[in-house]
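**Student:** Build out the structure end to end from the sequences listed, making use of the hints.
So you can see what is in the structure, the chains are spelled out below.
Number of protein chains: 2
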Amino acid sequence: MTQTHDTLSDFEAQFGDRLVLDEDAQDLLFREARTANTFSDEPVSDAQMRAVYDLVKWAPTSMNNQPLRVVLVRSDEARARLVEHMSGNNKAKTQAAPLVAILAADTAFHDELPRTFPHFPGARDLFAGDDAAREDTARLNAALQTAYFIIGIRAAGLAAGPMTGLDMASVDRDFFPDGEHRTIAVVNIGRPGEDAWKQRLPRLDYEDVFTTV
Amino acid sequence: MTQTHDTLSDFEAQFGDRLVLDEDAQDLLFREARTANTFSDEPVSDAQMRAVYDLVKWAPTSMNNQPLRVVLVRSDEARARLVEHMSGNNKAKTQAAPLVAILAADTAFHDELPRTFPHFPGARDLFAGDDAAREDTARLNAALQTAYFIIGIRAAGLAAGPMTGLDMASVDRDFFPDGEHRTIAVVNIGRPGEDAWKQRLPRLDYEDVFTTV
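First to last, the sequence lines map onto chains A and B. For the first sequence, counting from 1, position 134 maps to 966 in our numbering; every step adds exactly one. For the second sequence, counting from 1, position 6 maps to 838 in our numbering; every step adds exactly one.
One should not assume that every hint holds.
Identical copies carry no separate label here, and so any pair may be met within one copy or between two of them.
With a cut-off of at most 20 Å between alpha-carbon atoms, the simulated SDA-like pairs for lysine to any residue come out as follows [stated by the list, open to error]:
1. K923 to R911
2. K923 to G997
3. K1030 to F959
Treat the hints as calculated values from the structure; they're not laboratory data.
**Tutor:** Now the structure itself:
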């Protein structure tokens, strides 16, 4: 069957705005998923975290540099230390969540490049002498991976409660004494509890965000 | 039916590592999706970009601040300007892609907070006097949104080619003369072409990334 230009335009007008991802997955990851403020008592297992990582590890980073490091805070002692660094209402949320993860950027990510970017042997040395470039690259790509991790938590049927209201420098000193890590966010993880969220907040319109040149 | 603790542990051992997201969606977004280096000639429509945004806009940012701004580079004139700012091989990729998007952080995001975070009227002023906090917050959250956008492009059945190998400051000056935007990445978008990708690069192991305290 020959398609005329008009037919293609009609097709576009009718279906051009449709996604390939199925509606259930859209809802699970984006439309019905919400930042949870309360959680049920159900624990979150290491197996679930492994499944999340085994999925989201495939998402892209610059030069495959993968700077994200994750600390799962499981002991009461470590939880108490972390709560001290959180701001305001985030203290109670962090105290109550079934699992809390500290997400940080490893500024020594370049030491892995011979393994993760093997076809460019000079990659490690490119970063070794430039602390500022390493810091910027680590922060940007760990932030990308933080977002992938949030989507992955939702893919496991769990709710994420990402927080940046905390004393990042204090968490760095307390949990990463090597001085090479920069905390990006703390994420509460679990099944949503009672009154887990308020009314959804407004999003910017397409026209506010996108321009064409 | 009563479940004993042992039964739950057996369940966990067998299924605790399974994701809720269906396998097709896992493949589409993560496992089979790849960073494309070549593209077909098929154009990418504004309707597709709207569909992507209407999905990924729901993903979380700090205080719902949504600093990401996207410039769709559609004119030959703007494309030629952008190509000049790209590094090495990224010039040819940027020249050839069906659609190229500049993703940037708007450091004036706080002007939208009265609309996007209305229950905290002091939110705008909290940032108005602190340029450094505004810059850091804008960069972190625009990076999260860059990752959501990459996932959204894949949800539309398209391939993304995100690039950070470019002169960010030059793109800022050229495309954002207001001085308030910071380029995060340039993303090529389209259907994958011939030899669109090389062999998949190795990912870090779970044990390299996760620790428990």
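**Student:** Each hint needs a verdict: does it hold in this structure or not?
**Tutor:** Hints and how they fare:
1. K923 to R911: within (10 Å within a copy, 48 Å between copies)
2. K923 to G997: within (10 Å within a copy, 39 Å between copies)
3. K1030 to F959: neither (44 Å within a copy, 24 Å between copies)
Violated hint for the displayed structure: number 3, the only one.
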